[in-house]
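*Asks:* Sequence:
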Amino acid sequence: MDLDAVRTFVAAADAGQFQDAAAALAITQQAVSKRIAALEKDLGVRLFNRTPRGVHLTIDGQTFLPHARELIRVAARADASVRPGRRALRVDVHSRRIASAVVLQDFHRAHPRVELDVVTLDADVHAAAAAVEAGAVDASFHAVPVPARHLPDAIRVARVIDEHHEILVGPRHALANAGVVTPADLAAHRIWMPGMAPGSEWADYYDELAAAFGLTIDLVGPVFGNEALLAEIADSPHLATLAGERTRYLWPDSYDLRRIPVRGPAPIYPLSLIWRADNRHPALGALREHLDSGQTRTRLPDAEVWLPTWGDTVVPPHPSKGRGGTT
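If you read the sequence shown in full-length UniProt numbering, its first letter stands for residue 1, the second for the next number, and so on.
No lab work stands behind these hints, which were simulated from the structure alone. Nothing false has been slipped in among the hints.
Cβ pair distances, simulated, as ranges:
| hint | residue 1 | residue 2 | range |
| --- | --- | --- | --- |
| 1 | Asp256 | Pro147 | 39 to 49 Å |
| 2 | Leu43 | Asp20 | 17 to 27 Å |
| 3 | Gly16 | Leu43 | 15 to 25 Å |
| 4 | Asp153 | Pro222 | 37 to 47 Å |
| 5 | Gly199 | Asp256 | 32 to 42 Å |
| 6 | Gln29 | Glu115 | 40 to 50 Å |
Remember, it's a predicted structure, so these values are computed and weren't measured experimentally. Yeah, the Cβ is synthetic: ideal placement off N, Cα and C, and Gly gets one too.
Could you build the full structure based on these sequences and the hints that come with them?
*Replies:* The following block contains the structure:
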């Protein structure tokens, strides 16, 4: 159904004159007459009785009027649902427990009027980039261990979060009372991380970390969830696991688990924001500016941090474009 014709019908019904409807719509009276005639032909009924003093709704016109108003309201809602700046910014954080979700929540606190649709795609970096390219999400947070040339042309990537590590141990572990541990300190201890998917970007990261510092990262064992993992670590004098410093864990006080920073050097898990170059959503520009503030990047000197070899993978904005939601 021609929505312009429906809008013209409603305007004429409200005005009672085709001439007044034409003025309200900024079109000619002839255009009003043609639209109404086409709508009547499409519906197979007369909507107006024409008289020298104006027009009056027929019984069919009176019946159709409330539905016509609803059609216009639905069209307006549909338009608003996808128009940049009116719909929610849809962002994939991969997991609501990790640094990307924490940082996005910080952005929401700083910009409470920005409507967010937070999702967790079960996807690696390639699938996440494909989802961004297809428009399924506006942006995604991921580590990006691939060269820029392996990403779609429309995709832009920038490193935005440097996630420091902590070692998580129970009260009987040999490192339980340490204030800080070094990667060299960890080489003598079993780091248990069951369920890490081989070939994923996080597996690539931990493989490189283990090789760099001679760590033993044990992936053996069934995955019963984070609660079971924490219970095992709390009860063991030997098990430890690595966690991001922003990662949210909850456990009973009786576990007495210890989160100890890893420094000297500090291993960094680099998270990037992935977005489309032509995405004009204004909230995307606001999110990028928030992330560019530097609050989520490490402040340690380069000599005091360790990054994987792919840690600075970036697809930079095109220099001829402005900021906002575009690049």
